[in-house]
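Line by line, the protein sequences are chains A, B and C.
My numbering applies: residue 1 is where the first sequence begins, and numbers increase by one.
My numbering applies: residue 1001 is where the second sequence begins, and numbers increase by one.
My numbering applies: residue 2001 is where the third sequence begins, and numbers increase by one.
These are calculated hints, taken from the structure and not from any lab test.
Among the hints, erroneous ones may be present.
As the list claims (entries may be wrong) - DSBU-like cross-link-like pairs, simulated, lysine-lysine; straight-line CA separation at most 35 Å:
#1 A:Lys161 - A:Lys324
#2 A:Lys163 - C:Lys2141
#3 A:Lys95 - C:Lys2455
What the hints assert, rightly or not - Now the stretches of chain C that chain A is said to cover, found in silico as 3 or more residues with beta-carbon under 8 Å:
#4 2127-2137
#5 2327-2334
#6 2526-2535
#7 2543-2549
#8 2569-2582
Each residue gets a CB set at the ideal place from its N, CA and C atoms; glycine is no exception.
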Amino acid sequence: MLTRNRLLAGAAALAALSAIAPVSAQEPIKIGELNSYKVFSAFLDPYKKGMELAVEEVNAAGGVLGRKIEVVSRDDNGNPADAVRAGEELLTREKVAFLIGTFPSNVGLAVADFAKQKKTLFIAAEPLTDKIVWDAGNAYTFRLRTSTYMQTAMLIPDAAKLKKKRWAIVYPNYEYGQSATAAFKKLLKEKQPDVEFVAEQAPPLGKIDAGAVAQALADAKPDAIFSSLFGPDLAKFVREGSQRGLFKGVEVFDLLGGEPEYLDPLKDEAPVGWYVTGYPWYDIKTAEHKKFLDAYQAKFKDYPRLGSIVGYSTVLTAAAAIKKAGALDQEKLVAAMKGLQVGTPFGPVTFRELDHQSTMGAYVGRIGLKDGKGIMTDWRFVDGKDALPSDADVKKMRPAN
Amino acid sequence: MSAVLQVEGLRKAFGGVQAVADVSFAVDAGELLALIGPNGAGKSTCFNMLNGQLAPDNGVVRLGGRDIVGLSPRAIWRLGVGRTFQITATFSSLSVRENIQMALYSHAGRLRALFARFGAALVPEADALLEQVGMLDQATRPCGVLAYGDLKRVELAMALANQPRLLLMDEPTAGMAPRERVALMELTARLARARGIAVLFTEHDMDVVFGQADRIVVLDRGVLIAGGTPEEVRTNEAVRAVYLGSAH
Amino acid sequence: MSFASILIQLLNGLAAASSLFLVSAGLSLIFGVTRIVNFAHGSLYMLGLYIAYSLIEMLGRTPLGFWGGVVLAALAVGLVGIVIETAVLRRIYRAPELFQLLATFAIVLVIKDAALFAWGPEDLVGPRAPGLGGAVEILGKRIPVYDLLLIAIGPLVLAIMHLLLRRTRWGALVRAATQDREMVGALGVDQAKLFTSVFFVGAVLAGLGGALQIPREPANLDLDLSVIADAFVVTVVGGLGSLGGALLAAVLIGVAKAFCIGLGFSKLTLVAEFVIMGVVLVARPYGLLGKPQAVARTAGEAPPPLSPPRWQFPVGWIAVLAVIPLLTDQYVSVVLIDIACFALFAVSLHFIMGPAGMVSFGHAAYFGLGAYAGAVLFKKAGLPMEAALLLAPFCAGLFAVVYGWFCVRLSGVYLAMLTLAFAQISWSIVFQWDALTGGSNGMVGIWPAAWLADKGVYYYVALGLCGAGIAVLWRVLFSPFGYVLRAGRDSPLRAEAIGIDVRGFQWAAFVLAGTCAGLAGAVFAFSKGSISPSVVSIGQSTDGLVMVLLGGVDTLVGPVVGAAVFTWLRDALARETDFWRAGLGLVILLIVLLFPQGLVGGLKALYARWRAA
């Protein structure tokens, strides 16, 4: 009898617990995140911090749908196959609501395709490849970051204004560099039909032989140079180029050169006068950015990099999507993503219904020096929506589904 | 022509040095011919030209009347030549029996089978050969753990596996104890005579040479300086000069 | 190109060659004496850069600070070399050949995470050399003064090394050991001390090579692997153990690359050194100035005989694997599919590197080409998925026919490096042929047919195909064909002397192994839905080697166990800790020290001891 009573009491307690569960004891909503933390740590370390800050803020504000959110991160080793396996693990074992993240284009594309196969929402954070929303776009994939094409397009007005005739190009030999180069040539040619591309150098990523490349470019006697180098390649190119006088009297554009991740290591050798896109965190005075900056610096005792913005905004996007969908149903989430507006430190962005690309913008300016450090000067913010091709062109590129 | 191996006018030079100059000799069936000479006399060079590892500059090597110059070691083996090496060469991760079987399989042209089980066939044949060289009791041991003298016996059995007309033995008793040496060469002589195999061997141990060889040829600085029965060679002045002169 | 441009590009090439020579010289020295393929040599170079950066920051950007920092950094790296040698490698000199490679692979992982921990993720751009930061004008073109200094340092170090090797007792011992490792023991020399000293000098050279790059190269975490591949190439092209050869090869490659760039073929630099290596090895099987290796396989201990598994073994495992998906969650199936693919990959590598004695550093070529063949047949040729999956291995096999024909003509490390050259050439084609392979992005949408879409179903198919591949390879190992491979490894001389065409059999083995690796790759591709050039990369090849060595190269089931343990460890550790690479490295080091015969070899020995007790 005794045991029986106990059992009954226990059952009653359980029933009571499950009744009140929705409010207090409910599991957080898990969001699966994939990234190449070890391979691209310079960018992704701040990215992760950005994510942490966003999770903290979302949960402090009461979470979404009455539940807290939790980001479950996996390192994909920069390898698409590992990413897909980690994706499987997140979906089947961690039962995450959907996927976010990724850095290199090949991983981004692989996870996008995986998401399509699994009919699961995927918010690509960083991969810059144009294909992820255009040629290889799919119904379940959305992308936050300003794409290669968009960033290139943002530099075109300055490039065209200079009326330089002889252009030399240098880019890392993989999809990002190739796309940036193709977009740059096409867009500049449209604005300035008499432009000539006199030299093209495509060193392997991370292995530029900077002296030889600088010399070969100088031999072509260009009026201007367009570069999409970044990281160690950029640092080597800057140093060799300036030692060899390559940049004397030559205007230089570098696609990502203003991002603190790549600008700060150059210290007092930051190439003054280069046209770049980037992130002048020290100078942005908008309210939304100031709020982010203060919170970030308070939490990490460090200044944010562009990666921090991307990580932070990705998590905000995920939270906003869940809130708007009102449920964790994939079709509802995808529907919610279409046209979703998210307030980011860079201002509000919209995920376009047309191609699932966000309208996140970027800062365009020139490199200057201040207190022995590279900064962006004369910068302006370009809204992403102004750097995209026409809707008709996008429709042509994007597959029907 | 009754000679199994006939060598005529063999020449080889390395750079400007004439390693082997105009060497001719012949070995008959069932006969043991010793090729001797001091270090650097050209024995190994001579040997390697007979077994196909080295191409002569000039000369003819006939096996049963057929010129074998330019043939690979593999092809020469197919014509019925078995070899043993100065430093034993066996398959150390395989058992003694498997070593012999390998030679038998090769002789039978059965090595290309991808899915047959190796070792199932040709066991009696392998064991018969091992019996002859006195290694049957060690048939299942891996060659890698055998004593040196035993390895020499395994080599001999492998060399006999293709029923050769000719055995080429480079220093067959090197590295063995004196008693073992004589035993091994007695065994070789018995098998060779019983089967009518011609044997050409080089050797440092003069007891073995004069005790077992039917005939002896002597090389010095690439030139054949003497040849004949052990008795003839023993008394040859030129040979004495070479060996006494080179004896430290 | 004008004459001035040609001259400047020549100087650029020579400057680039200098550090490459230093690293390669150290690698060559270590290999010559210890026969260790030191995978961690690139990590020592990277450490040289990082330590020099910190020291110069500390000592100040003065000439004394700079050069003091460079020299101290090189010496500090030398100390790291001593630690590696005495703490790890010394304990496993008696292990099967190449096992030490596994240890150095683990050290690479540990050093990488240690550097991340100590210096952080951001690239560190060092200072220019004080007083040498400018440029001089030559024929109207400017070239950095520091580059000219580097050009001089290469030959200078060669001269010093030459004196050390020719004029000192230590040098005489090093040369003797390079010629014949056993002889040194016979001479009554303390081998341990000699090895430690050689490791120190080799590490100093690597560290110096790195430290000298301070003004030219930001310290970053990708240097280790990017340098090690180049250093291997230079060492082999020059001829193992030949320092003059290393300098010649470094110059050849440095200058060739500079001219690729100068002439506007910069995309070729992705693969230039591997093309050069392939050509050199085909024409000169021992490198430019190398001599034939004394012994291809470590003399002395013969590998133990292989024994076929009892029938209960496969039946038992098939039964276990068949019920696993019914008892566990779906992710277990996902991991097991990966393990099945890698197991077949590792078994096919073991097939040629164990019993056939042909080590391949480029086995990913066949895995990757099988994967790409499947994808291309499916997406571009429009074949049904099933047909693409089954035809793909034969495409990989076709490549093995071509590559293998060249490779079986070489032996030892030269053979291994030629396989690497072919793999890298394949990789660079896959990486750049956008129209066919999708270039660096790879291909997506390679999903299995509808009836296989469920992971549970695909699991059985993957298991069946990979299991069949493994069964075929194992069966062949115990056939006359398989015995011929072992015979050819044990004694090529004897094999030829009993009428065996060793090369022919090795070639056939290469093709069979390549085909099976291709099957593994194709099954892998369709399980992921996408592929990228990383399936053809050096990393994939290295993974295969690690799996085989981890399990035990002289055992039959070792590669399968190695594949399972490595895949599972990496998957599990990556979830547990941010520093999973160091974790993986430490676990491997532990296994290496506890089981110098690999996991299966070690467990077998333990079992035998237990039975005997």
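A quick look at each hint next to the structure:
1. A:Lys161 - A:Lys324: violated, 43 Å
2. A:Lys163 - C:Lys2141: holds, 27 Å
3. A:Lys95 - C:Lys2455: Holds, because 16 Å separates the two Cα atoms, which is no more than 35 Å.
4. 2127-2137: Coverage by chain A holds for the stretch 2127-2137 of chain C (4 residues, Cβ < 8 Å).
5. 2327-2334: This one holds; 4 residues, not fewer than the three required, reach chain A with a Cβ under 8 Å.
6. 2526-2535: holds (count 8)
7. 2543-2549: violated (count 0)
8. 2569-2582: holds (count 6)
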